[in-house]
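Protein chains in written order, with our numbering: chain A, 1 to 142; chain B, 1 to 436.
No lab work stands behind these hints, which were simulated from the structure alone.
Heads up, a few of these hints could be off.
According to the in silico footprint, chain B covers these stretches of chain A (three or more CB under 8 angstroms from chain B) [claimed, not checked]: (1) 8-14; (2) 35-45; (3) 65-73.
These figures come from a predicted structure and were not determined experimentally.
For every residue, glycine included, the Cβ atom is placed at its ideal position computed from N, Cα and C.
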Amino acid sequence: MIKQLSVFLENEPGRLVKVTRILEDANIDIRALTVAETADFGILRLIVNDPERAYSILRENNVAVASDVVLGVEVNDKPGGLRVVAELLAEGDVNIEYVYAFVTRSHESAFVVLRVDDRERATKVLKGGGVHLVEQDEVARI
Amino acid sequence: MFYNKKAEGLKPDELEKIQDKRIRQVTEYVYRNSGFYKKKFRELNLKPDDIRGVKDLGKLPLTKKTDLRDNYPYGMFCTGLENIVRVHASSGTTGKPTVVGYTANDIELWTEVMARSIMAAGGNRRDVLHVAYGYGLFTGGLGLHYGAERVGCTVIPASGGNTARQLLLMKDLGSTVLACTPSYAIYLSEYAEKEGLDPTKDLKLRVGILGAEPWSEPMRRRIEDALDIKAYDIYGLSEIMGPGVAQECEEQAGAHIWSDHFLPEVIDPKTGEQVGEGEEGELVITTLTKEGIPLLRYRTGDRTILGYDKCGCGRYHPRMIKVRGRTDDMLIIRGVNVFPSQIEHVLMKMPEVGSHYLLVVEKKGPLDVLTVKVEVTEELISDKVRDLMKLEAHIKSCISQALGVNVWVELVEPYTLKRSEGKAIRINDLREGGEK
Numbered sequence: 001m002i003k004q005l006s007v008f009l010e011n012e013p014g015r016l017v018k019v020t021r022i023l024e025d026a027n028i029d030i031r032a033l034t035v036a037e038t039a040d041f042g043i044l045r046l047i048v049n050d051p052e053r054a055y056s057i058l059r060e061n062n063v064a065v066a067s068d069v070v071l072g073v074e075v076n077d078k079p080g081g082l083r084v085v086a087e088l089l090a091e092g093d094v095n096i097e098y099v100y101a102f103v104t105r106s107h108e109s110a111f112v113v114l115r116v117d118d119r120e121r122a123t124k125v126l127k128g129g130g131v132h133l134v135e136q137d138e139v140a141r142i
Numbered sequence: 001m002f003y004n005k006k007a008e009g010l011k012p013d014e015l016e017k018i019q020d021k022r023i024r025q026v027t028e029y030v031y032r033n034s035g036f037y038k039k040k041f042r043e044l045n046l047k048p049d050d051i052r053g054v055k056d057l058g059k060l061p062l063t064k065k066t067d068l069r070d071n072y073p074y075g076m077f078c079t080g081l082e083n084i085v086r087v088h089a090s091s092g093t094t095g096k097p098t099v100v101g102y103t104a105n106d107i108e109l110w111t112e113v114m115a116r117s118i119m120a121a122g123g124n125r126r127d128v129l130h131v132a133y134g135y136g137l138f139t140g141g142l143g144l145h146y147g148a149e150r151v152g153c154t155v156i157p158a159s160g161g162n163t164a165r166q167l168l169l170m171k172d173l174g175s176t177v178l179a180c181t182p183s184y185a186i187y188l189s190e191y192a193e194k195e196g197l198d199p200t201k202d203l204k205l206r207v208g209i210l211g212a213e214p215w216s217e218p219m220r221r222r223i224e225d226a227l228d229i230k231a232y233d234i235y236g237l238s239e240i241m242g243p244g245v246a247q248e249c250e251e252q253a254g255a256h257i258w259s260d261h262f263l264p265e266v267i268d269p270k271t272g273e274q275v276g277e278g279e280e281g282e283l284v285i286t287t288l289t290k291e292g293i294p295l296l297r298y299r300t301g302d303r304t305i306l307g308y309d310k311c312g313c314g315r316y317h318p319r320m321i322k323v324r325g326r327t328d329d330m331l332i333i334r335g336v337n338v339f340p341s342q343i344e345h346v347l348m349k350m351p352e353v354g355s356h357y358l359l360v361v362e363k364k365g366p367l368d369v370l371t372v373k374v375e376v377t378e379e380l381i382s383d384k385v386r387d388l389m390k391l392e393a394h395i396k397s398c399i400s401q402a403l404g405v406n407v408w409v410e411l412v413e414p415y416t417l418k419r420s421e422g423k424a425i426r427i428n429d430l431r432e433g434g435e436k
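Using the sequences plus the hints, can you model the full thing?
See below:
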């Protein structure tokens, strides 16, 4: 399981600049990110190398941020890699709420972030299917 | 607590007797000393003798803010500058300020009603009273200051600005009473928490004397919880005197207008006619004892209902019940009258939203569009957009229902709406001719 930061952003020019600059100044690496948006605001979801430090630095800078736990999953970086994971979850009756990919340098495997409705069952199903779950310390090393 | 037991404890018939006598005196005084009122009396074919008492109040001409502006700077003064010991001025949003002058007796009167006000709110000579109202042309700072000295409080004349220092002073000097605007009280508590202070434990505050802007009952509860104080409304305007025209007592049941000096009535702002007892309208005040600028039937622009029944504190001085805010602040959205205080009332009851908000009015095509910008609290942020959209929709429907007109709601990041160290800015009217 890995830690994800969720940042509230108004839909206005410069908002992402502010957040990324704070992280840059603190020398924090972004491993994965996605934005879910509505007409006037968005939620920026972030996986970083040091979530605890990132969280407190963002808070200190008056950024609205929350921290929660998501699943990190390693998939084969070839056609059908993600399908295997999705199938296991579907068979286990686990609903995926959202999924997004990591920025990775190696080509053998890819990592994805999964938010599911039942994390415990998802973990069991995926482990049973031989899927490797990524832990926080691995994220720091990617 | 009473500062002037005799004056504050007057029974209705005793009050009326004093008011009858004083209204005759002030009518005579302005007729003799004010070219402005003399002219008005002539136009109305009115003689000072026509005014026998309070029942004749309706015969007197109304005075408007523009009368003061038109007679800038000293045209409304009833005495020469040799008798004026101080001047205050309110900032005009457009053009010239409104200038008011005080004789030594006026300052004494102001000090007396301020002392009454502070004690009505439970202040006493053992209190350390922190004044965070601005000192200067604005009446807030000096008004509180002299009244608090009269009571015998230890006064900290902090004035406005520099919130970090304000907190340091309050903490180190052990302030027990805070005087500032309600919005600044909220800002102080917010700021304290950011600095790692718990205002309910690290500060000794027990009473807030808050005013100079309209605030709602749920906002009062928030301030009381955030600072662990009892918060009381103080009312005033520089044209009449400054703070201390009216003050809430420990019953928290509306501000008592010190009516042995300031005679209130309520009119229909459209027709100028007095409304019946218990009806809402615009508050109009006649100064009964002022010398520098006595004003007859001054239109305050504030909407309220007056309550004349005996208060739990024992006073009969009429209370301003349900202050809706200023007529000037009223927005007309697609034909519906909207007071910012109505929106505040809805918002402050929702624990999910922060204590700051901004109303933006725009013209979109032929329609007025009101957008309520609300700060989300950090506790509310989650990874799911859905939760926030639900909250947005919930706020929108609650406000729209309360106002009877549809509004838009926009969630904004915490601490992004501008904090004010004086009067809060709640409205941004982008329509042509609207005040910015």
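Evaluated hints:
no.	hint	in the structure
1	8-14	holds (count 3)
2	35-45	holds (count 8)
3	65-73	holds (count 4)
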